[in-house]
Amino acid sequence: NAGVTQTPKFRILKIGQSMTLQCAQDMNHNYMYWYRQDPGMGLKLIYYSVGAGITDKGEVPNGYNVSRSTTEDFPLRLELAAPSQTSVYFCASQRDRGSVETQYFGPGTRLLVL
Amino acid sequence: QKEVEQNSGPLSVPEGAIASLNCTYSDRGSQSFFWYRQYSGKSPELIMSIYSNGDKEDGRFTAQLNKASQYVSLLIRDSQPSDSATYLCAGLNTGGFKTIFGAGTRLFVKA
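Chains A and B, in that order, give the protein sequences.
Whatever position you read off the first sequence (first residue = 1), add 12 for our numbering.
Whatever position you read off the second sequence (first residue = 1), add 67 for our numbering.
Since the hints were derived computationally from the structure, they do not count as laboratory data.
A couple of the hints might just be wrong.
[What the hints assert, rightly or not] Taking lysine-lysine pairs in the DSS-like style, the calculated list, with each CA pair at most 30 Å apart, reads:
1. A:Lys26 / B:Lys134
2. B:Lys109 / A:Lys56
3. B:Lys109 / A:Lys26
4. B:Lys109 / A:Lys21
5. B:Lys123 / B:Lys177
6. A:Lys21 / A:Lys69
7. A:Lys69 / B:Lys134
8. B:Lys109 / B:Lys177
9. A:Lys56 / B:Lys134
10. A:Lys69 / A:Lys26
11. A:Lys69 / B:Lys109
12. A:Lys56 / A:Lys21
[Unchecked claim] FRET-style restraints, in silico, Cβ to Cβ:
13. B:Gly126 / A:Asn13: 23 to 31 Å
14. B:Ala135 / A:Asp85: 17 to 25 Å
15. B:Asp125 / A:Asn74: 16 to 24 Å
16. A:Pro73 / B:Gly108: 19 to 27 Å
17. B:Lys109 / A:Asp85: 17 to 25 Å
18. A:Thr82 / B:Ser75: 37 to 45 Å
[Said to hold, decoys possible] Some chain B residues near chain A, calculated using beta-carbon distances under 7 Å:
19. Pro77
20. Pro111
21. Met115
22. Phe164
23. Thr166
24. Gly169
We put the beta carbon where it would ideally sit given N, CA and C, even for glycine.
If we strip away everything but chain A, and leave its shape as in the complex, we get:
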């Protein structure tokens, strides 16, 4: 049971380039999330999904897109990279909605946009 996995671990992008951050979970969790964490800051929600085919915006969705074609995978797409998107990106999953549910995090992807 690998939990939540993310690739790549680190990436440098030039301004205007595009890339996809991969996230997968093998726990059959319904809910998946993408966060970004800027230095010294907490986690900001970018997008989330409550199940395959269903996604919704979080606090900071501009410049990003997501899809959820399967329960396992939740990729995050950056179309035109900007320096403001330099951050650490965490994917997380949660089994279901409810007051006792907690989130499990992947190891993160560090992105540098120059």
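Fit chain B to the given chain A structure using the hints.
Quick look at chain B alone, frame taken from chain A:
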């Protein structure tokens, strides 16, 4: 905008002392709260969850929740240098599917 507020610190305590971390939240509908520990360069790791008013103890950690005051705290007894990390307070939204995180408190435990 529902928020979770924490003192960013740093909080510095000597080894063996009690570290006290606090946070407040604005969403009165929140029922569940969590403390995550995050080492530098690593992902957050859940260390405590609390759903009811009062105290919940797990080893050296005690979480406290006061829903009337919208206040959550974490006590770490017999602090160790390995406890040095950033501690994120988080609350589950009313719908039970979005977690709102505070900015975190940096804790340093001096040997």
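Original post:
For which of the previously enumerated hints does the structure constitute a violation, in increasing order of number?
Top reply: Hints 1, 14, 15, 19, 21 are the ones this structure does not satisfy, whereas the remaining hints hold.
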